[in-house]
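Input sequences plus hints: build the corresponding full structure.
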Amino acid sequence: QKEVEQNSGPLSVPEGAIASLNCTYSDRVSQSFFWYRQYSGKSPELIMSIYSNGDKEDGRFTAQLNKASQYVSLLIRDSQPSDSATYLCAVNKINSGYALNFGKGTSLLVTP
Amino acid sequence: GAVVSQHPSWVICKSGTSVKIECRSLDFQATTMFWYRQFPKQSLMLMATSNEGSKATYEQGVEKDKFLINHASLTLSTLTVTSAHPEDSSFYICSARDPSTQYFGPGTRLLVL
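The listed protein sequences correspond, in order, to chains A and B.
The first sequence begins at 11 in the numbering used here and counts up by one.
The second sequence begins at 360 in the numbering used here and counts up by one.
Watch out, some of these pointers could steer you wrong.
[To be verified] Keeping only pairs whose Cα atoms sit at most 25 Å apart, straight-line, the calculated SDA-like set for lysine to any residue is:
no., chain 1, residue 1, chain 2, residue 2
1, B, Lys373, B, Thr439
2, A, Lys52, B, Ala361
3, B, Lys400, A, Gly19
4, A, Lys52, B, Phe387
5, A, Lys114, B, Glu422
6, A, Lys114, B, Ser448
7, B, Lys414, A, Ser106
8, B, Lys425, B, His444
9, B, Lys400, A, Val120
10, A, Lys66, B, Thr460
11, A, Lys114, B, Gly420
12, B, Lys400, A, Gln90
[What the hints assert, rightly or not] Sample of chain B residues at the chain A side, in silico, Cβ under 8 Å:
no., residue
13, Thr391
14, Gln401
15, Ser402
16, Leu403
17, Leu405
18, Thr408
19, Arg456
20, Ser459
21, Gln461
22, Phe463
23, Gly464
[What the hints assert, rightly or not] Pulled a few chain B residues facing chain A out of the computed Cβ check, cut under 7 Å:
no., residue
24, Phe393
25, Ile452
26, Pro465
27, Gly466
These are calculated hints, taken from the structure and not from any lab test.
The C-beta atom is built at its ideal place from N, Cα and C for all residues, glycine as well.
This is how it looks when you write it as structure tokens:
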């Protein structure tokens, strides 16, 4: 079982809709969870971090964490074509000084 | 947010040569930096953890004698790919921790001919 799993997509949503991205992780003791956005040919940029169960909102983005289900999600409201990118879910790597395990990413396409 | 730079941004080299990539934290001190590698359509894979003033910690399957890491100061870590081969062609990305968030450099694209 891979440590961090994501549906590779592509996920296509119309402009203005809500995009929902999902991620599951295998290590039950993980404590820190991150969503990164990566445009083609670029390095990842941090969108959200979440550490506690529940929802965390930042502008158009909402991260949701359910540790019991080992599930993290990212909602993007009012999706824009500029949101089209690959979204990487990352989970802290246990006993590694804050290194991260990444999922393969979900490709999101927002169509005008 | 914190800024991390990498140099060079891309490099093309012949098989058998060595390539050095620099990673700098520009506005903060980083006792720990990380080196990742990303192959096309794959995710980032951690290669090693670079600790200032001590030896790097390598992930399983990463050859420490091939990928030399030096973290001589709190703002600079270098990765040297020794005797590079075409299969080492990849996107190499460093990150630095400040203090619990990782900030990524822009990456170095390596092509070995």
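We went through each hint and held it up to the structure:
{"no.": "1", "hint": "Lys373(B) with Thr439(B)", "result": "15 Å, holds"}
{"no.": "2", "hint": "Lys52(A) with Ala361(B)", "result": "17 Å, holds"}
{"no.": "3", "hint": "Lys400(B) with Gly19(A)", "result": "12 Å, holds"}
{"no.": "4", "hint": "Lys52(A) with Phe387(B)", "result": "22 Å, holds"}
{"no.": "5", "hint": "Lys114(A) with Glu422(B)", "result": "23 Å, holds"}
{"no.": "6", "hint": "Lys114(A) with Ser448(B)", "result": "19 Å, holds"}
{"no.": "7", "hint": "Lys414(B) with Ser106(A)", "result": "14 Å, holds"}
{"no.": "8", "hint": "Lys425(B) with His444(B)", "result": "11 Å, holds"}
{"no.": "9", "hint": "Lys400(B) with Val120(A)", "result": "19 Å, holds"}
{"no.": "10", "hint": "Lys66(A) with Thr460(B)", "result": "16 Å, holds"}
{"no.": "11", "hint": "Lys114(A) with Gly420(B)", "result": "19 Å, holds"}
{"no.": "12", "hint": "Lys400(B) with Gln90(A)", "result": "23 Å, holds"}
{"no.": "13", "hint": "Thr391", "result": "5 Å, holds"}
{"no.": "14", "hint": "Gln401", "result": "7 Å, holds"}
{"no.": "15", "hint": "Ser402", "result": "4 Å, holds"}
{"no.": "16", "hint": "Leu403", "result": "5 Å, holds"}
{"no.": "17", "hint": "Leu405", "result": "5 Å, holds"}
{"no.": "18", "hint": "Thr408", "result": "6 Å, holds"}
{"no.": "19", "hint": "Arg456", "result": "5 Å, holds"}
{"no.": "20", "hint": "Ser459", "result": "6 Å, holds"}
{"no.": "21", "hint": "Gln461", "result": "6 Å, holds"}
{"no.": "22", "hint": "Phe463", "result": "5 Å, holds"}
{"no.": "23", "hint": "Gly464", "result": "6 Å, holds"}
{"no.": "24", "hint": "Phe393", "result": "5 Å, holds"}
{"no.": "25", "hint": "Ile452", "result": "5 Å, holds"}
{"no.": "26", "hint": "Pro465", "result": "5 Å, holds"}
{"no.": "27", "hint": "Gly466", "result": "4 Å, holds"}
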